[in-house]
Amino acid sequence: MKRSRVQKRQRKVVRNWRYKTEAIEKFQFVHYFLPHPEGKSRAPLLSSYALIVYGLVIIILMGIFRIIPSIVPGVLGYASDINVKQLLDYTNQERKDAGLPTLRLNEKLTEAAGEKAKHMFEHNYWAHIAPDGTEPWDFILGKNYDYSYAGENLAKNFYYSKEVINAWMKSPSHRDNLLSPNYNEIGFAVVNGVLDGYETTLVVQIFGKPRDLTQIATAPEEEILLKKLGQGAKIAAPEAEKEQIRPLILPRTSEEVLPSLDVNIAMRGVSVAIGMFVFTLLILDIWYSKKKGLFKFTGNTWAHVILMIFVMVGVWFVLKPGKIL
Amino acid sequence: MNSKEKQLVENVVLVIVLSLMLLLLLFFRYNYMGQVLVGLFTSVFYVTWGIIHRAMEGRVTRFIVAEYVSVGVFVFLMLLTALTF
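In order, the protein sequences belong to chains A and B. Letter 296 of the first sequence, counting from 1, is numbered 296 in my numbering, and no numbers are missing. Letter 5 of the second sequence, counting from 1, is numbered 5 in my numbering, and no numbers are missing.
It is worth saying that the hints were derived from the structure and are not from the lab. Don't take each hint at face value.
As a list, the in silico BS3-like pairs of lysine-lysine whose alpha-carbon atoms are at most 30 Å apart [unchecked claim]:
1. A:85 with A:209
2. A:290 with A:323
3. A:40 with A:292
4. B:6 with A:209
5. A:290 with A:12
6. B:6 with A:85
7. A:118 with A:228
8. B:6 with A:40
9. A:292 with B:6
10. A:85 with B:4
11. B:6 with A:290
12. A:296 with B:4
13. A:291 with A:40
14. B:4 with A:40
15. B:4 with A:291
16. A:227 with A:85
17. A:292 with A:12
18. B:6 with A:291
19. A:323 with A:170
20. A:227 with A:118
Covered, in the sense of this in silico footprint (three residues per stretch, anywhere, with C-beta under 8 Å from a C-beta of chain A), are these stretches of chain B [as the list claims (entries may be wrong)]:
21. 15 to 24
22. 43 to 55
23. 60 to 71
24. 79 to 85
Note that beta-carbon positions come from the ideal geometry of N, C-alpha and C, so glycine has one too.
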């Protein structure tokens, strides 16, 4: 009974091959995805050549994503959700945890940070010292902030405020700045713009200690400043200390300019999509080989599967685009 | 040790090293060169592991070496895409 059914199916296949050529094409197409018992090898789409082709596809896409910004600047970039209030809170939390006094947000340092970010976008560089020789201190002194100590931390391509602070805390030199007992005040700029053709968010953090300690920003000044920056901060402070401060040149907020395509998510998506394709073929290879009892002269398929899982997890969940300086 | 137990030990070694790779990628999270080196080390380790694994079974052929090398290069490029942008 079973035999006759198989024979019937075979007869049907032969008939289809004779009169319906597309049936043969379909049969051949499927075999690109399945291992070959004759050659004792993997599916053609899992061969070493195929893997090299997938690698080349990745390299070509990386090249395209490098060329696009020079042709159409600002289309690719990094979307972000970073704001000054969170940066200030996280910075002060780290200082509190280290047993240090918190820092006050200073208007002049914030303006200096904004000028620094603007300068980096205008002159297309990413460094503490500009190609024209401008140093961080020039921006601070340019805002008439007379300091005895000052420092600067930079970050770009981060998605969240917490990630920025975490990155600085992981780097010894940035951590030294963030947890230095020499500073009383701080200024931040979170500015969107196009750097090297990519739309990105630059974060500039400037620390300072004024020579005249009576000039340290008060809590109401900090509150007004945060409101001006559009963060809506609520900081408790005595009413008597409240006074007007002059308006700021506000940095652009993250809602104003966003890239059409987040380049990091797109590239990670491409990488994981190709990885998933190879992973699926490997699973098909295991299933089909077991089903048909195939013995192949190949590498360890399960090991490839394990490797692909770890690499895809790494690409999607662990690797992030942020950079600090 | 029979062949199944040997294979289990080899796969456990692989899982441990790959878990270490994820931990090192986390450790070097904002260090580009550190992450590239971890990716490179993982690829080289996998190729070496694969060849040794098959050599112990006496089944090393140039096709198997080519397969492990191409898989190693492919996963390194996968990691590099996320690191480059």
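Taking the hints in turn, this is what the structure says about them:
no. : hint             : verdict
1   : A:85 with A:209  : holds, 20 Å
2   : A:290 with A:323 : violated, 47 Å
3   : A:40 with A:292  : holds, 12 Å
4   : B:6 with A:209   : violated, 64 Å
5   : A:290 with A:12  : holds, 26 Å
6   : B:6 with A:85    : violated, 56 Å
7   : A:118 with A:228 : holds, 18 Å
8   : B:6 with A:40    : holds, 24 Å
9   : A:292 with B:6   : holds, 25 Å
10  : A:85 with B:4    : violated, 58 Å
11  : B:6 with A:290   : holds, 21 Å
12  : A:296 with B:4   : holds, 18 Å
13  : A:291 with A:40  : holds, 15 Å
14  : B:4 with A:40    : holds, 22 Å
15  : B:4 with A:291   : holds, 20 Å
16  : A:227 with A:85  : holds, 10 Å
17  : A:292 with A:12  : holds, 21 Å
18  : B:6 with A:291   : holds, 24 Å
19  : A:323 with A:170 : holds, 12 Å
20  : A:227 with A:118 : holds, 21 Å
21  : 15 to 24         : holds (count 5)
22  : 43 to 55         : holds (count 5)
23  : 60 to 71         : holds (count 9)
24  : 79 to 85         : holds (count 7)
Of the hints listed earlier, those the structure fails to meet are numbers 2, 4, 6, 10, in rising order.
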